[in-house]
Amino acid sequence: MFNKILIANRGEIACRVIKTARKMGIATVAIYSDADKQALHVKMADEAVHIGPPPANQSYIVIDKVMEAIRATGAQAVHPGYGFLSENAKFAEALEAEGVAFVGPPVGAIESMGDKITSKKIAQEANVSTVPGYMGLIENAEEAVKISNEVGYPVMIKASAGGGGKGMRIAWNDDEAREGFQSSKNEAASSFGDDRIFIEKFVTQPRHIEIQVLCDTHGNGIYLGERECSIQRRNQKVVEEAPSPFLDEATRKAMGEQAVALAQAVGYASAGTVEFIVDGDKNFYFLEMNTRLQVEHPVTELITGVDLVEQMIRVANGEALSITQDDVTLTGWAIENRLYAEDPYRGFLPSIGRLSRYRPPQEVASGPLLVNDKWQGEAPEGEAAVRNDTGVYEGGEISMYYDPMIAKLCTWAPTREAAIEAMRVALDSFEVEGIGHNLPFLSAVMDHPKFVSGDMTTAFIAEEYPEGFEGVTLPEGDLRRIAASCAAMHRVAEIRRTRVSGRMDNHERKIGTDWAVSLQGQRYDVVIAADRDGSTVTFSDGGQYRVASDWTPGDQLAVLDVDGEPLVLKVGKVSGGFRIRNRGADMKVHVRTPRQAELAQLMPEKLPPDTSKMLLCPMPGLIVKVDVELGQEVQEGQALCTVEAMKMENTLRAEKKGVVAKINAGAGDSLAVDDVIIEFE
Amino acid sequence: MKDILSELENRRNAARLGGGQKRIDAQHGRGKLTARERVELLLDEGSFEEFDMFVSHRCTDFGMEKQKPAGDGVVVGWGTINGRQVYVFSQDFTVLGGSVSATHAMKICKIMDMAVANGAPVIGINDSGGARIQEGVDSLAGYGEVFQRNIEASGVVPQISVIMGPCAGGAVYSPAMTDFIFMVKDSSYMFVTGPDVVKTVTNEVVSAEELGGASTHTKKSSVADAAFENDVEALAEVRRLVDFLPLNNREKPPVRPFFDEPGRIETSLDTLVPENPNTPYDMKELITKVADEGDFYELQEDFAKNIIIGFIRLEGQTVGVVANQPMVLAGCLDIDSSRKAARFVRFCDCFEIPILTFVDVPGFLPGTTQEYGGVIKHGAKLLFAYGEATVPKVTVITRKAYGGAYVVMSSKHLRGDFNYAWPSSEVAVMGAKGATEIIHRADLNDPEKIAQHAADYEDRFANPFVAAERGFIDEVIMPQSTRKRVARAFASLRGKKSRTHWKKHDNIPL
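Residue numbers (the numbering used here), protein chains in the order written: chain H, 1 to 681; chain W, 1 to 510.
Any given hint might turn out to be false.
[Unchecked claim] Only pairs whose alpha carbons sit at most 30 angstroms apart, straight line, appear in this in silico DSSO-like list of lysine-lysine:
{"no.": "1", "chain 1": "W", "residue 1": "503", "chain 2": "H", "residue 2": "37"}
{"no.": "2", "chain 1": "W", "residue 1": "289", "chain 2": "H", "residue 2": "573"}
{"no.": "3", "chain 1": "H", "residue 1": "573", "chain 2": "W", "residue 2": "284"}
{"no.": "4", "chain 1": "W", "residue 1": "284", "chain 2": "H", "residue 2": "588"}
{"no.": "5", "chain 1": "W", "residue 1": "185", "chain 2": "H", "residue 2": "662"}
{"no.": "6", "chain 1": "W", "residue 1": "305", "chain 2": "H", "residue 2": "606"}
{"no.": "7", "chain 1": "H", "residue 1": "625", "chain 2": "W", "residue 2": "219"}
{"no.": "8", "chain 1": "H", "residue 1": "450", "chain 2": "H", "residue 2": "201"}
{"no.": "9", "chain 1": "W", "residue 1": "305", "chain 2": "H", "residue 2": "662"}
{"no.": "10", "chain 1": "H", "residue 1": "573", "chain 2": "W", "residue 2": "220"}
{"no.": "11", "chain 1": "W", "residue 1": "305", "chain 2": "H", "residue 2": "625"}
{"no.": "12", "chain 1": "H", "residue 1": "613", "chain 2": "W", "residue 2": "289"}
{"no.": "13", "chain 1": "W", "residue 1": "289", "chain 2": "H", "residue 2": "37"}
{"no.": "14", "chain 1": "W", "residue 1": "433", "chain 2": "H", "residue 2": "570"}
[What the hints assert, rightly or not] Just the calculated beta-carbon pair ranges, DEER-fashion:
{"no.": "15", "chain 1": "W", "residue 1": "275", "chain 2": "H", "residue 2": "417", "range": "46 to 56 angstroms"}
{"no.": "16", "chain 1": "W", "residue 1": "215", "chain 2": "H", "residue 2": "463", "range": "41 to 51 angstroms"}
{"no.": "17", "chain 1": "H", "residue 1": "417", "chain 2": "W", "residue 2": "28", "range": "47 to 57 angstroms"}
{"no.": "18", "chain 1": "W", "residue 1": "46", "chain 2": "H", "residue 2": "450", "range": "48 to 58 angstroms"}
{"no.": "19", "chain 1": "W", "residue 1": "447", "chain 2": "H", "residue 2": "192", "range": "36 to 46 angstroms"}
{"no.": "20", "chain 1": "H", "residue 1": "192", "chain 2": "W", "residue 2": "369", "range": "47 to 57 angstroms"}
Bear in mind the hints are in silico, worked out from the structure with no lab data behind them.
Where a beta carbon is used, it is the ideal one built from N, C-alpha and C, also for glycine.
Next up, chain W with everything else stripped away, as it sits in the complex (with noise of 0.2 angstroms):
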């Protein structure tokens, strides 16, 4: 018997040393940590609970049969992140490169299979050199089963990918459709196609770093949301993520003690807004300030930076904030900025997770740069994101709310909750200059009638109170009591519930 018990125990080390200590040390070498080692990282000391640890691929080409390592390069189990259930997979780039068979892609098919069933969300630690090439098409039948998971899991629990070494070819395609990509700066990689075959195909030189490095998908094409220093820093904020995510569709979003009074006042926001409406001022200031403790979880920071997105909570609650950014392009909105928000917009909706909107606005980005780009149907993303959205929406009017772009920021027409303005907003179809030129074409050449008019104009447009008298602003309030205000507002729609019409799903113009 007691053979058979250290059996167990030889087995299970030779498992858990994946590609040998020599592979590990260059894994360390390359500054990047083992996949258990990141389990035990993401995870609350001791709560990891393994699963196939002794499976292996059943490839027996090119000599594949003569080497068999326990696991198949992708370590899966489940534990917790603060006592809150999470599965996970993490990649072994020390076993056959972590390359992916069909054994390997069905194990991460087993976490996946239990996450939607028992309602708690995937974590990926990617870090692979790709399909496993000897397996061929069973390769790519499993990450073909992986994707199909991806897809049905998507609005069920939420999805996460920590990118945390190569991912290249048809992987990327996982991480894709997850909810949120992180990437450690200099260790990690995601193309489509490497820069071997970009230089064969399209002559262009270019390094692995700068195609599809960290800094490339945070500031160029969005694929992460995030990027940092290395994978200790890296997984200690996927752990503070997880603690503002719901587990599933079905759960409310968490709650956590919170030291910090609802009803604080700041009375430094009544002097954030500039007196000069083409000032610009910092809306992270009013996002921090009204958050719980400060604390703002930003994502797609480098990206789009004339829209802000991210997780604060409220009263302890998770709340998801969108807010438009006048020190970048005025806030206005254009292709990038609506794209973005609008994915985020309809992931809280996705997950129960109040959405929060601060509106500072002059419109949408012209040119022909946008139109070409289609922002007609980019735009759209994010008002029909906004307009399918039940979810509690409070929307607060800092400043400018012109034109179609008023509508779209969770107005009032798209059934918002609570629509709330400051003093300072200016709800209207466009700014004084721009509207007098149209209405008083014929006092063009008149600057003073066209100055009179200007004025005329702001008197009876650049407040709140013509949005306020017909109702599509639900109050005006005092810019330092919006904490106050805002958290009385989700907590009052606690208990909201709204019904949609049947349908197999939305067509909303991808």
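Just chain H, same shape as in the assembly (with noise of 0.2 angstroms):
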């Protein structure tokens, strides 16, 4: 086995893979550019090498550097993770010619599974189900059309080069395909100086399911099952789950095989996923194989207890694989959920800063299951598995320059219900502040019906989130069971009060037992009978809840049991009350004395300013100029000023026509969020 090996990545996927190593008793390099220098990968890591500047393409995506770090530190084989180099043939040849083992498939799986084209050919040739279409370059759009009505519409035109949703148009119809054709040529040939075109078959109510596959360079190869992988935002994947709830047992079958076929016709060893596109009514047809270990793979570890990490590394010192297809069964469900530095309120803008807490759920171990580097047994049989693989940690920054993914919490269950419901209270506590991040839509994933039945398609959040996200409102029940917690969280908080020194001496102030809780629009009347295990929180319309808890004041998590089911609470401060974070929703809530209430209700209600004719600040930033006069006419997509934010200079435009009726900020001002710059008329 290796002594040293040295992991060409960062983030999360530089963590996990120096967690096996470190199991398998193998010594690590990380290797970090001048915005990691205190990345939790570079603290885990025995030994770390400076190779840059932060942007990739002059640190982490160097090949030679990359190499000058491996000569330095005499590490004896390469994990390259995902992204960067992982699929790039130039630094596989160039570990091979220095005698350095890629933990990774060979040089020519790389390549030829690295086109689409070629990748799909291999595919035919191996008997592998490919999407019906034509797979020579198409000259002219009366070809494209020609071409299209043979496929039978709808189809796909896509560019061979294509990525990322570029270069890509869907037609119905002959005109349709006459106009895609030449749009896709034109954004191809201008995003990736490569114009080549072709046309497929659209497949319809598309479900993106992929097969992890692992051969060795002794001829074997097996498959571990699927992961589905259809909510996505963009064509970035935002929640994975193995197995699919879609795929029945002859499906997985004949995907696997397939796949593992594809695999060796390539001479293919090492840790690899070959994706399909499945229709409704489960045809599957191969879209491509990444030649490397992919982001979701901790839930095909979940429910099959392979480390991949260690096959793969295992593969590439040459030994043969210990399990077989027989070994592999699949227990329980595991669902990934991805944590991105992405305000969901804001159209997910990236957003970077400190983090200024942090703090992941506990992570347990439970079942036949890997979680980390940690084996099985940590909790009773059939519990809930919760594992959390990041590449953070609280006061650390998150930058602009990597991929905004801050973290993978997965959990695991015998059966998916319950896998989704340990999801959610994993997801209800993990406290993440200093940033904007996308975990109240993650749980507004985990409540939505019809991932909870199972049946979404590729297009699950362009369809069911069209307008963006926009918070959550709780169903009545969750409400009840918060504001009986609130109302026994207050209690506590003012009997606390109430003990304050400087009291006069036989005139303390009495806590009374009926209360008012307002939050999201509602208001509840309780009365709290409170004994030293908890509360009896009764609602006066009827209802009754039993919560306890061992919350104090300032404790920003309140883990409860209401009715003998948790419920985990993060438990912020507004004026006058709580800020309560569950399921999504994002309140405040306030509970009063009945009287207070009353008075309360006699307040206007004030409404939030009209923000949409006004620039708001997007971050904290210092104004640089401000482009456009008081009474100034400005256009659509006009620069209107300019901040300066994290070095970076930002320009913020106009949304729409308007004129400028005030002007708040100049040069030179240090603004925060939503601060207003510029208001119209």
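Could you fit the two chains together into a complex? Lean on the hints.
Spelled out as structure tokens, the structure:
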């Protein structure tokens, strides 16, 4: 076995690989850019080598720099993680030339799977089901129309070198095919410098389901079940699970066998992923093969108990697979939620800055499962497991240079239903402050009926959240549980307040039993009967909850037991009340005495100011310049001002036509998020 | 006998109705509570003891003898906030517009005298049209009596003003002399001369809200310490503030049970100060991570944001916090921030509240605006306030402590009791670049040499150790253990006694 391995990556995946290497007794080397000096992967590794400035194209993906780090540290193998150099054949060649093992497939496999057209040809030759279409290059629009008719509408017109939705068009008829061909070609030329176009059948009700394969250099190949990755936002996966709620055993087997066949056809040796698109009738078609470890590999590990990183390292070391296809069993259900530093309330705008608070839920191992480097039996058999793969820590910095994913939260349970429920609680318990993040959105997805039923397609987010994410309104039952909990917490906080020093003897304040709780526009009148073990909260209109918790004032996470069910609330302060976050909802909760509530009702409701006619500062920063003047008419898209944040100048543009009515800030002013910069008439 | 008893109840009911149901409804219609409702919300349930419910005015001019409402437009008395005694007056806008008559003022004076005698705070709720013009100079005399009592009570018992309606003309000077002023957004305003007079005299057209609303006074003038959405919220927050304050100047600040480990380690603070010395960070994160339960009662949040002031608790006991804010103007001192912090430091010193100072200050803000505005004397206020304060003073330098501003910010030289510094501190006369250009003026044309000199200067001075060698810094501490170290420091200072020379009073550069 290798003595030392270098991880040519950063963030959570570097940390993930280090954990397995450490378990196997292999020393680890991290590489880092200027932006990552304090990063977690650097702290975790045995050695760390600095490889340049923050931008990846000057550090992490510069082959020469990585090779230098390898030479300097004497690493015998390199794990590339995902992204960066993981599917770069030149890098694999450079390693080979230097006699360093690449923890990944052979160069030939990377090359042949790297091109969409080549890989599809190989797949067809290996009898892998592919989307009907025309693989050759298409010369002109008329030819595109002809081919589209042969394939049958709807068709997808795609750039050969494409990715990320660029150079992609869907056509339902001849006119659209003609037009789509031209625009795809133009876009492909400008985006990729390669205007080769092909046409294939557009699959309806598509799901993204992929097969994990594992091959060695001795001709052995197995598949480890599938992963369902249909919940995506603009081709960025958000939620994954294994197994898929859609596949039956026969389809799984057929897909798995075809995936292994394809891998073996290119002499694959490592862990790899064969992506399929599956239509509503369970027809599956090969999409592409990812010749690396996938981001979402943990869900496969959780249901198979196989450490994929360990297997990759062993294969790279020339060992034969110790598991056969018959050894692979899929146990229970695993779900992964990707935590992104993206603000769902602002159109998923990336958010950067300091993680002033970062407290993931407690990891729990359970069943025949792998939770990071912990094996087996830490929680009673059959109970839910929680795993969090992360590359950040409280007090760390989310920089603008890299992927905005900060953690992959996974849960496992014997059933899908239980795994989803465990995920809901885990999300409720996950504390992240200082940056915008998608936790509320993930909570909303976990409660979405379509997701819960397993009936989703790759269009789920686009169809269910067409206007973006606007928060969650909780159902009545949840509101009552929260109201009961807040009443009990408020009582505890008020009792503490009466214990301040300097009181008049014998004239202490008495805390009553009747409270009015208001949240999300509802008011509940409750009576609290507290005893040593908790509080019984009775609602005036019927219903009673028993609330128990060891919450004390100041705790930002309240772990409660409401009628035997767990309830986890994030508790913040707002003037005169609590800010409560739970299940994707973010609300103000006021607990008042009946008289206070009566008087509070007399208070005018103040509507938040109409911000549609204002330019708000999107991030904390410094105004560099204001480009417009009072009374000036501006056009949509016109530059209004420049804000410098994190050493980057951001130009803010007009969202629509308007006339400048007021300018509230000038060059040199430092502004906070949502400060009003310009008001329009 | 029964009739006599019911007569009392009848009279009480009449008095409680103030200006009558119609006016009460109008008051509610404006989104405001009545004087009595406000008192109810301010005090513990059922704790209010009213005085002078039946007092009425003695004016006989302009037909005033025909309307003599019981109480005369102000509700006064005492009660408790979380069991601690406070005195309160609450002007009743429904009665003659809450206007101040001689008797109205007399009622206020009565409870102020009692508050001072018994050592309990005074909370005034202002909602008044101003002087009762019919009474002429009697009304003015009333104001004068209140002013004089505000002055005499200053530094003896805490005085809090809550502006919940109009407060104009001479009336503003009573709140102005109290320790804290709170306002309610959209329904309160304060000014010496109203929009009409302004227009007549200066031709300026301005609305009452723009001239003296909550936004003006919290952001521009700094007259108000905070503004709240409505009456209910404002009164709840006043209760919260009172929980931090001692009852008088001879009592220690209050202590209450706390649920936060004093030795709590915050590893994230080790990365709070960014590597680049010119990159800002949010000092409030340090404050909330040091405070018990993350609870920080900030004052003047929207004014002179380059300095932060407010109250926290450590081990359950109130501590006043002053901190430079590197996010705004790099945390430098200027006229506004010096004034803001100086008054706060003096409040803490009056009432035996220990002061915790977090320092990251690159110096004083340069420029003609500052010099013409008298930054010399305004800056001196903060220096003076720190130097004369005899309460326990603990200071933590997180990054820059440059020049005169270093001395001002509760340094050892101003009798700081504990002066800590983080390893990231730079205690120096100025930054490396500026210092090098002065010391090595001869090499100014040689960028290479200058860079070398700057690097040398940084090696020598951009750290806390030069100051620590001289004992100006008592100890260099790990950021993560700041809460623990600071809490222990204050614990050790609970018995602090210090003497000053006899004097009538000092002559702070006002």
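Okay, the hints, checked on the actual structure:
This hinted pair does not check out: residue 503 of chain W and residue 37 of chain H have alpha carbons roughly 57 angstroms apart, beyond 30 angstroms. Between residue 289 of chain W and residue 573 of chain H the CA atoms are separated by roughly 15 angstroms; this keeps the pair inside 30 angstroms, and the hint holds. In summary, the hint linking residue 573 of chain H to residue 284 of chain W is supported, as the alpha carbons are separated by about 15 angstroms, within the 30 angstroms threshold. Between residue 284 of chain W and residue 588 of chain H the CA atoms are separated by roughly 22 angstroms; this keeps the pair inside 30 angstroms, and the hint holds.
The hinted pair formed by residue 185 of chain W and residue 662 of chain H meets the criterion: a straight-line CA distance of about 21 angstroms does not exceed 30 angstroms. Of the pairs offered as hints, the one joining residue 305 of chain W and residue 606 of chain H holds, with about 26 angstroms between alpha carbons and a cut-off of 30 angstroms not exceeded. For the hint pairing residue 625 of chain H with residue 219 of chain W, the CA-to-CA distance comes to about 23 angstroms; that is within 30 angstroms, so the pair holds. Between residue 450 of chain H and residue 201 of chain H the alpha-carbon distance is near 26 angstroms, which keeps this suggested pair within the 30 angstroms criterion.
At most 30 angstroms may separate the alpha-carbon atoms for a hinted pair to count; residue 305 of chain W and residue 662 of chain H meet this at roughly 22 angstroms. As the CA atoms of residue 573 of chain H and residue 220 of chain W are separated by approximately 26 angstroms, the hinted pair is consistent with the 30 angstroms bound. Distance check on the hinted pair: residue 305 of chain W and residue 625 of chain H sit about 21 angstroms apart at the alpha-carbon level, within 30 angstroms; holds. The hinted pair formed by residue 613 of chain H and residue 289 of chain W fails the criterion: a straight-line CA distance of about 37 angstroms is larger than 30 angstroms.
A threshold of 30 angstroms between alpha carbons decides the hint, and for residue 289 of chain W with residue 37 of chain H the separation of about 24 angstroms falls inside it, so the pair holds. A threshold of 30 angstroms between alpha carbons decides the hint, and for residue 433 of chain W with residue 570 of chain H the separation of about 46 angstroms lies outside it, so the pair is violated. Roughly 47 angstroms separates the CB atoms of residue 275 of chain W and residue 417 of chain H, a value that falls within the hinted 46 to 56 angstroms. Distance hint for residue 215 of chain W and residue 463 of chain H: a CB-CB separation of about 43 angstroms, consistent with the stated range 41 to 51 angstroms.
Hint check: residue 417 of chain H to residue 28 of chain W, Cβ distance near 51 angstroms, so the stated range 47 to 57 angstroms holds. The hinted window of 48 to 58 angstroms between residue 46 of chain W and residue 450 of chain H holds, with their beta carbons roughly 54 angstroms apart. For the pair residue 447 of chain W and residue 192 of chain H, the beta carbons lie near 44 angstroms from each other, so the given range of 36 to 46 angstroms is met. Between residue 192 of chain H and residue 369 of chain W the CB atoms are about 55 angstroms apart, so this pair conforms to the stated range of 47 to 57 angstroms.
Taken one by one, the earlier hints fail for this structure at numbers 1, 12, 14, listed in ascending order.
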